[in-house]
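Trainee: One-letter residues, chain by chain:
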Amino acid sequence: MSAAVAVPVPGRLGDRRTRTLAYVGLAVLVVLGVLVAGTLAGDAAQTTDLADRNLGPSAEHWFGTDRLGRDMLARTLAGLRLSLVVGVAAAAVSAVVALLLASAAAVFGGVVDRAVGWLVDLFLALPHLVLLVLLAFALGGGTGAVVAAVALTHWPTLTRVLRGRAREVMSSDYVAVSRQLGRGRWWIARHHLAGHLTGHFVVGTVLLFPHAILHEAALSFLGLGVDPGQPSIGILLAESMRYLTAGAWWLAVLPGLCLLVVVKLVDAIGENTRALLDPRSHHL
Amino acid sequence: MLRADDVWFRYGSAQPWTLAGVDLQVADGEVVGLCGPSGGGKSTLARVLAGHLRPDRGRVTVDGSEPRARRGPHPVQLVLQHPERAVDPRWTIRRALAATGAGDDAIAALDEELVRPTWLDRYPHEISGGELQRVNLARALLTRPRFVVADEITASLDAVTQARIWALLLERCRAAGIGVLAVSHDRLLLEEVAGRIVDRTPVPDRGPA
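So the protein sequences, as listed, match chains A and B.
Going letter by letter, the first sequence gives residues 11 to 294 in my numbering.
Going letter by letter, the second sequence gives residues -2 to 206 in my numbering.
No wet-lab data here; the hints were simulated from the structure.
Idealized CB from N, CA, C, for every residue including glycine.
Take the hints with a grain of salt, since some may be wrong.
Claimed, not checked - Here are some, though not all, of the chain B residues that point toward chain A, as calculated from beta-carbon distances under 7 Å:
id, residue
1, 49
2, 50
3, 69
4, 83
Sequences are here, hints too, so could you generate the full structure?
Mentor: Have a look at this one:
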């Protein structure tokens, strides 16, 4: 690997930018593949075959079968799809909340800025998972409640990053010059702020996905998440607990590993996008 | 007439006064030099005059009334010391000039001596510091200001570029009857460009008052 880095070959996979782009492209393809496979596996994930119960991994059932003879590969793929959909929805809502709060803080300043800062501190001070569980419980469980609970607990960090960047822009000389040219706060928000926040917003949103996916799994594992009839990774893991002592390791290990891989892939997409959009911060 | 009457300013109520009872007048078409050592509050005064900062006490007036920045460009345009900080790095030069409200025709009609047409579609980091400072000057002049406050605008430039920029600024302002406040720590430069020099001595550090 180090030899490949030492001799850059421009235009091919030699230079860093091309490699990063290739990596992001590959990761996006794999995640999309999981989404498509999960959708196609929807029926197979629910098909029971009582003759093939509790089978270990084999050529026929790569991930084995569960106590009702359902194919675990199909269930894992369907579960990942559900996790991804919930993760994307929750991350998107969170990111929009963060963007709105940070922009309001920057545009209005003063009391609004202090209120947003205080709100961020408040939410960051509360234990993350406890708040998540409380919210999911209060909202009555189910997919919608999970999306809402994850979205409502994940905006503070991104808000803090965006607010910091927005403050930096608003206190710059070029914004002072625009004010001197008679431009109002909305004009400045649209023409200066929007451009400077886009990169951070995109990267922040992508990096929220892995969190959202993991917390969806955690909530479903605890029984507060998606409908137990649906195969989400959290539910697969929760169901597997009873059979682990009987030696059915594949029920927990393989779906768990797949979740880990997908989370790592999405994380890699975010980190590499950051390296592309903001190379300086990446080297800090 | 640009006037500052008994202007007081400090950065926060727990800070010492940066400006304490400053009086200053610049007549239309007059070139006044403002001289003083570093840290003497020259830049602060420049920002107060251009409306970037609001004085805690006293008034800044143009022809007897306080300018309202909200309604169109401020009649006092400040050109800053660091040209690269005064332009959004994500904007092309054309966009920075268009922010004044000037149309394509007005931008295309700019004197080549001030802004070359080849610069228009470049980004600020793609032209030199001296060139960017000329762009900033052009931007200030496009708003048809009554006064230009030039805050150490050539401090980071070589002598030849310095002379060119000052010649350009003085020529344009004389032609349009624009008053200029030239701010610098360099007395020799001010003696060269200004008709009258005002000295700013720093406020003695008395702590919060």
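Trainee: Classify the hint on residue 50 (chain B) as holds or violated, based on whether any CB of chain A lies nearer than 7 Å to its CB.
Mentor: It is violated, given that the least Cβ distance between residue 50 (chain B) and chain A is near 9 Å, above 7 Å.
Trainee: Using Cβ atoms only, decide whether residue 69 (chain B) comes closer than 7 Å to chain A, and label the hint accordingly.
Mentor: holds (4 Å)
Trainee: Would you settle whether the hint for residue 49 (chain B) is holds or violated, based on the nearest Cβ-Cβ distance to chain A being less than 7 Å?
Mentor: holds (5 Å)
Trainee: Please verify that hint: residue 83 (chain B), Cβ, nearest Cβ of chain A, below 7 Å or not.
Mentor: holds (5 Å)
In terms of the numbered hints stated before, the structure departs from hint 2 and from no other.
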